[in-house]
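A.B. asks: Fit chain B to the supplied structure of chain A, relying on the hints for placement.
Protein chains: 2
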Amino acid sequence: MSTARYDVVGIGNAIVDVIARAEEDFLIGHGMHKGGMQLIDEARAHVIYDEMGPAIEISGGSAANTIVGVASFGARAAFVGKAKDDELGQTFAHDIRAAGVAFTTPLAADGPATGRCYILVTPDGERTMNTYLGAAQHLAPEDVEAELIAASAITYLEGYLWDPHNAKEAFRRAAALAHVAERLVALSLSDAFCVDRWRDEFRDLVRGGTVDVLFANEAELKSLYQTADFATAAAALRQEARLAVVTRSEQGCVVVNSGGIEPVAAFPAERVVDTTGAGDLFAAGFLVGLARAASHETAARLGALAAAEVIGHLGARPATSLKALAAQHGLAP
Amino acid sequence: MSTARYDVVGIGNAIVDVIARAEEDFLIGHGMHKGGMQLIDEARAHVIYDEMGPAIEISGGSAANTIVGVASFGARAAFVGKAKDDELGQTFAHDIRAAGVAFTTPLAADGPATGRCYILVTPDGERTMNTYLGAAQHLAPEDVEAELIAASAITYLEGYLWDPHNAKEAFRRAAALAHVAERLVALSLSDAFCVDRWRDEFRDLVRGGTVDVLFANEAELKSLYQTADFATAAAALRQEARLAVVTRSEQGCVVVNSGGIEPVAAFPAERVVDTTGAGDLFAAGFLVGLARAASHETAARLGALAAAEVIGHLGARPATSLKALAAQHGLAP
Chain A
1 MSTARYDVVG IGNAIVDVIA RAEEDFLIGH GMHKGGMQLI DEARAHVIYD
51 EMGPAIEISG GSAANTIVGV ASFGARAAFV GKAKDDELGQ TFAHDIRAAG
101 VAFTTPLAAD GPATGRCYIL VTPDGERTMN TYLGAAQHLA PEDVEAELIA
151 ASAITYLEGY LWDPHNAKEA FRRAAALAHV AERLVALSLS DAFCVDRWRD
201 EFRDLVRGGT VDVLFANEAE LKSLYQTADF ATAAAALRQE ARLAVVTRSE
251 QGCVVVNSGG IEPVAAFPAE RVVDTTGAGD LFAAGFLVGL ARAASHETAA
301 RLGALAAAEV IGHLGARPAT SLKALAAQHG LAP
Chain B
1001 MSTARYDVVG IGNAIVDVIA RAEEDFLIGH GMHKGGMQLI DEARAHVIYD
1051 EMGPAIEISG GSAANTIVGV ASFGARAAFV GKAKDDELGQ TFAHDIRAAG
1101 VAFTTPLAAD GPATGRCYIL VTPDGERTMN TYLGAAQHLA PEDVEAELIA
1151 ASAITYLEGY LWDPHNAKEA FRRAAALAHV AERLVALSLS DAFCVDRWRD
1201 EFRDLVRGGT VDVLFANEAE LKSLYQTADF ATAAAALRQE ARLAVVTRSE
1251 QGCVVVNSGG IEPVAAFPAE RVVDTTGAGD LFAAGFLVGL ARAASHETAA
1301 RLGALAAAEV IGHLGARPAT SLKALAAQHG LAP
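Going down the list, the sequences are from chains A and B. Heads up, the first sequence is in my numbering, so the first residue is 1 and it goes up one at a time. Heads up, the second sequence is in my numbering, so the first residue is 1001 and it goes up one at a time.
Okay, chain A solo, but in the shape it has when bound:
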């Protein structure tokens, strides 16, 4: 195993977020699951957009947010994902490159528009997401370059990739390439409803060793093991996963491996403006710690710090240098 050129390469849906504030009534009136992510078609995208309030556009995408977080910590990061060569696609490409991330996946010349996620943020700061995948669903196995995966210490995949058929194949190819190169494969379960759609396959990935590091939040973990009891789910996870981290919002997280189940505290958030990206940014910090061979506790603290930063403002990407923030907290990765 050679020295890695990148600490983390992320593979995920290339998405631009369209964020508006909304009241609870809006979610109810539109049949949205508060706090969840729903896939929508183009027609529904038009209906939602027409009826939602004034919005702001910020590049998003779960793994893309994580990778931008990794770069913000000063680590070396790359991203693979499919956007179209339209205004939003150019915006996505600009933003991720301007964040210091290597992004070379060609923009699609035709086909559906760049994917977007209509995010409604309620007054409590919770976000409810409606995703039109658009061009993202055409991420293909050939977009995953063998050299890039081999050159990255960790290949990080989002569970949302399991929704579009081609992307799932790209995911499998990336995981196989990473293991051939003796690199680590990490997966985020993304969303409890996503787990509901792909439970058996996700469990197979973890049990079969396709995934070395698993990220989940409490709802996703409970969905994975179909139990309402956290301790039961965590115990089941410990049987199946090599290394897993389960985030529990303001209760912090637990790091799960053969050694046990270790809780790590959250960073107190000054204010919760918009929870979008909390899980993505937690993963960023943990992955940076892992890539730099920090202890699991330090890695989890880095994750908690990044999550606390991102929920303090609108949008799922850091608004300040996470490297500087970590240094302020004596947590230089």
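Heads up, none of these hints are tricks.
Quick list of simulated restraints, FRET-style, between CB atoms: (1) B/E1024 with A/I261: 46 to 54 Å; (2) A/T227 with B/D1124: 47 to 55 Å; (3) A/D196 with B/D1085: 37 to 45 Å; (4) B/E1126 with A/P268: 26 to 34 Å; (5) B/D1110 with A/R197: 42 to 50 Å; (6) A/Q90 with B/P1123: 24 to 32 Å; (7) A/G111 with B/A1140: 31 to 39 Å; (8) B/P1123 with A/P123: 23 to 31 Å; (9) B/F1230 with A/P268: 39 to 47 Å; (10) B/D1085 with A/G312: 32 to 40 Å; (11) A/G111 with B/S1295: 55 to 63 Å.
These are calculated hints, taken from the structure and not from any lab test. All of these numbers come straight from a predicted model, not from anything done at the bench. We put the beta carbon where it would ideally sit given N, CA and C, even for glycine.
C.D. replies: Frame of chain A, contents of chain B only:
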């Protein structure tokens, strides 16, 4: 003069803001005037965008921001401005309509892309703007509907309209139509460099009575009268203007008319994140007060309140209901 259907109709450049944080060095390296607005061509737009950091997109445009502020106060508002029928143009149209503003100017089917303003926000919260006018420069006199102007108590125009030739004609037509209908015409001077380009014409508009209400900040006023002394400039203004308001950042503003020069305090801003839109939102509050026949002092307080809100976050449009905010401060317009 019949009852007005709209309190204010605004006419201005339809622009989407592309906002990134930047260090002072970036401005110096790119020859930008800190705090100012520079017009740029497409080639320079590409250079700036390629080199600036990750950005967020929020609908902007000076008069458009003002009009959204007017609607946020619960007043009836309309906007006239030219965007193209592309992704950014659709974004502009969605955002202004979702804010409750009547916007019926047809999107251009061809020609240059929707205008955008690349805004660099330095750590002190100051914004430096680079505007590619794009489709906005094709606002034409025929886009100004006589009925709309006649149905609006105040027609509000931005000085930036003086830059594109067609838009200037649209401006003149709107002012003439408003006066035929016995309505008020208001003008914002927009930017000190803009005043520098069009000083004589702007002074003619004020002296000749084309403009009934003038908005300027201190720098614009000094540029208009080519003096470094505020008192000298204010005295000159009092000779020429029927009613004018000059904003002075944290020093508040002065209301100038034949009765004298009356200072009104600013609202203390909790924090200054991004000064973009401070002048635009001040104008919104003042216009609402004027349309509702409030005293000049109350109108100026409404303006100061809206300005304090908008500088507390990124972007030049209110992030909360100004009507509710005004009520909290006992200032229901």
